[in-house]
Amino acid sequence: MNIWSQLMMYLQYPFVRYALIVGTLISLCASLLGVILVLKRFSYIGDGLSHTAFGAMSVASILHLTDGRMILVLPATIAAAVLLLKQDRRSSVSGDAKIAMVSVSSLAVGYLLMNRFNVSSNVSADVCSTLFGATSILTLTRSEVWLCVILSAVAVILYILLYNRIFAVTFDESFAASSGLNVNALNLLIAVIIAVIVVLAMNLVGSLLISALIIFPAISAMQICSSFRSVSITAAILSVCSSLAGMIASILADTPVGSTIVAAQLAVFIVIYCFRKTLRRNKADA
Amino acid sequence: MALLSCEHVTVRYENNTVLHDLSFEVNAGDYLCILGENGSGKTTLLKTLLGLISPDEGKISFEGGFSAQKIGYLPQQTQIQKDFPASVQEVVLSGCLNRMGRRLFTDAQDRETVRQSLEQMNISHLARRSYRELSGGQQQRVLLARALCAAGSMLVADEPVTGLDPASAKDMYSILEKLHKDGMTVIMITHDTEAAVQYATHILSFEKEFFFGTAEQYRNRRIGA
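Going down the list, the protein sequences come from chains S and P.
Sequential numbering of the first sequence, starting at 258, is according to my numbering.
Sequential numbering of the second sequence, starting at 18, is according to my numbering.
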C-alpha cells in the first residue's frame with residue numbers, strides 16, 4: 258500500500274480528521290500570539306502557563322472533574338497569564354524569575370498531588386501523556402473539537418480586528434498609552450487569549466512542548482520578513498504547514514504527535530536559517 | 018490661558034517624592050527644555066504631562082480643545098525596538114492611533130498623514146525599509162515622523178539625541194528647531210545644557226536648585242553664579 262492510499266484510509270476515521278482540524282487551528286493561533294510574545298521578550302511564557310495548566314489538570318483529576326476539568330484549568334491558567342504578563346516594577350521578583358518559579362512549582366505540586374492522591378492505576382502514564390501530548394489529540398470528542406474551533410476563531414478574529422492596536426502596544430507601550438490606548442486592557446486581553454490557546458494546545462503537543470508552537474513560527478518568520486504584517490502572515494503559514502506535515506508524518510510513521518510536530522517546526526527553522534545565511538553570503542559576495 | 022499649565026503638581030513613587038509642588042506654564046509656540054540629572058524626575062514629569070502617570074496632588078490642564086492625547090510623543094528608544102521587524106510605514110502609521118477613536122482600521126486620510134510626515138522628515142524613500150536595518154539617526158527620524166502624525170500642535174521629546182553620533186544629534190536639533198519655527202510647541206528633555214540654551218525659549222531645570230524661566234534668565238543666572 259503506498260503512502261497516499263494509506264493516508265486516505267486514515268482520513269476516513271473521524272478522530273483523525275478532528276485531530277487535523279484542531280491541530281491546524283491551534284497552531285495558527287499559537288503562531289499569531291507567538292509573534293507578540295517573542296517580540297515582547299516573553300518567549301518562555303508558554304512554558305510557565307502550560308505547567309500551570311498541568312498543575313490545574315492534576316487538581317481537576319484528583320477532584321474527579323473529568324468532563325468539567327476546563328472549569329478549573331482555564332481560569333487557573335488565565336490567572337497565571339495575567340500575573341506573569343503584568344510588568345510590575347515594584348515587584349521583588351523579576352519577570353523571568355517569576356515565570357520560572359510559577360512553572361516549576363506548578364509542575365512539582367501537580368505531580369506531587371497526582372502521586373499522593375492517585376486516582377488511576379498508572380500515574381506515570383497519565384503524567385507522561387499530559388506532558389508530551391501522547392494520544393490525547395486522537396481521543397477528542399465532538400464537543401471538544403467544537404470548543405476548539407470556536408475559541409480559535411475568536412482568537413483569530415480578535416487578532417485581525419485589533420491588529421493596529423496590537424502592533425502599537427507591542428512596538429512601543431508608552432507611545433501607545435500616550436495616544437490614549439488602554440494598554441492595560443489590551444495586555445489583559447492578550448494574556449487571556451494566550452492562556453486559552455495554551456490550554457487548547459495541551460491536547461495537541463502536551464505541556465512540555467507548547468513553547469515550540471509559540472516561538473518557532475515567529476522566529477522562523479522573523480529571519481526572512483522585515484515588516485510586522487509579513488512576519489504575522491508568514492508565521493501563520495509556516496506554523497499551519499509544519500503542524501500539518503508533522504501530524505501526517507506522525508500518523509503514517511506511528512510516532513508521538515507532539516514531538517513530531519515540534520521536530521517539523523525545528524526542521525523548518527533550520528532550513529530558513531540556512532537559507533538566510535547563504536542569501537546573506539551571496540549578497541556580500543556580489 | 019496657556020496651552021498647558023501645571024499647577025502645584027506632586028508625584029510620589031514608593032514613599033519618595035519625585036516631583037514636589039511643581040508649577041509652570043507652556044504657551045503655544047514655546048520651546049521648553051527640561052534639564053536635570055538622571056533620576057531627578059524629568060521623565061516622570063513628561064509622563065505626568067502625557068497623562069501616563071496621574072499626579073498625587075495638583076493638576077495638569079490644557080487650553081480648551083487640547084488634550085494630552087494630542088501631544089506628539091517621542092519616547093526614548095527601547096531595547097525591544099532595535100531588532101523589531103516592522104516597516105517604516107507601519108511604525109509611522111501607528112502614530113495615527115490617537116485619532117482612530119473606536120475605528121478599527123486605518124483609512125486613506127491616515128495614510129495621507131503618514132505620507133506627509135515622512136516627507137516632512139525627508140524619509141519618504143525609507144517607507145518600505147525595515148526599521149531594524151536603519152541607522153540610529155534614521156530610526157529617530159522615523160519615531161519623530163510617528164510623533165508628528167499624533168501631534169496636534171505640541172511635541173514632547175525625551176532625550177532625542179541620546180545614543181546618536183554628533184552629526185545625527187545636530188541634525189535632530191535642527192529638525193526640532195525647524196518644527197518650532199513652523200509653529201510647533203516643543204518640550205524636550207535633554208542633558209545637553211549648551212543645546213538647551215541655544216534653542217529653547219524657556220528652561221525648566223532640576224539641577225542643584227529648581228529653576229523655571231526664559232532661556233535668557235537662565236543664561237544670566239549661570240553667568241552670575
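Among these hints, one or two may not hold up.
[Stated by the list, open to error] Across the chosen pairs, the derived CB separations fall in these ranges:
1) Arg238(P) / Ser351(S): 34 to 44 Å
2) Ile97(P) / Leu523(S): 23 to 33 Å
3) Gly82(P) / Leu523(S): 53 to 63 Å
4) Gly56(P) / Leu340(S): 26 to 36 Å
5) Ile97(P) / Leu536(S): 23 to 33 Å
6) Thr27(P) / Leu418(S): 33 to 43 Å
7) Leu418(S) / Arg238(P): 50 to 60 Å
8) Leu523(S) / Ser71(P): 18 to 28 Å
No wet-lab data here; the hints were simulated from the structure.
Values in this document were obtained by computation on a predicted structure and should not be read as measured data.
Each residue gets a CB set at the ideal place from its N, CA and C atoms; glycine is no exception.
We went through each hint and held it up to the structure:
no., hint, in the structure
1, Arg238(P) / Ser351(S): 34 to 44 Å, "43 Å, holds"
2, Ile97(P) / Leu523(S): 23 to 33 Å, "25 Å, holds"
3, Gly82(P) / Leu523(S): 53 to 63 Å, "56 Å, holds"
4, Gly56(P) / Leu340(S): 26 to 36 Å, "29 Å, holds"
5, Ile97(P) / Leu536(S): 23 to 33 Å, "25 Å, holds"
6, Thr27(P) / Leu418(S): 33 to 43 Å, "40 Å, holds"
7, Leu418(S) / Arg238(P): 50 to 60 Å, "55 Å, holds"
8, Leu523(S) / Ser71(P): 18 to 28 Å, "48 Å, violated"
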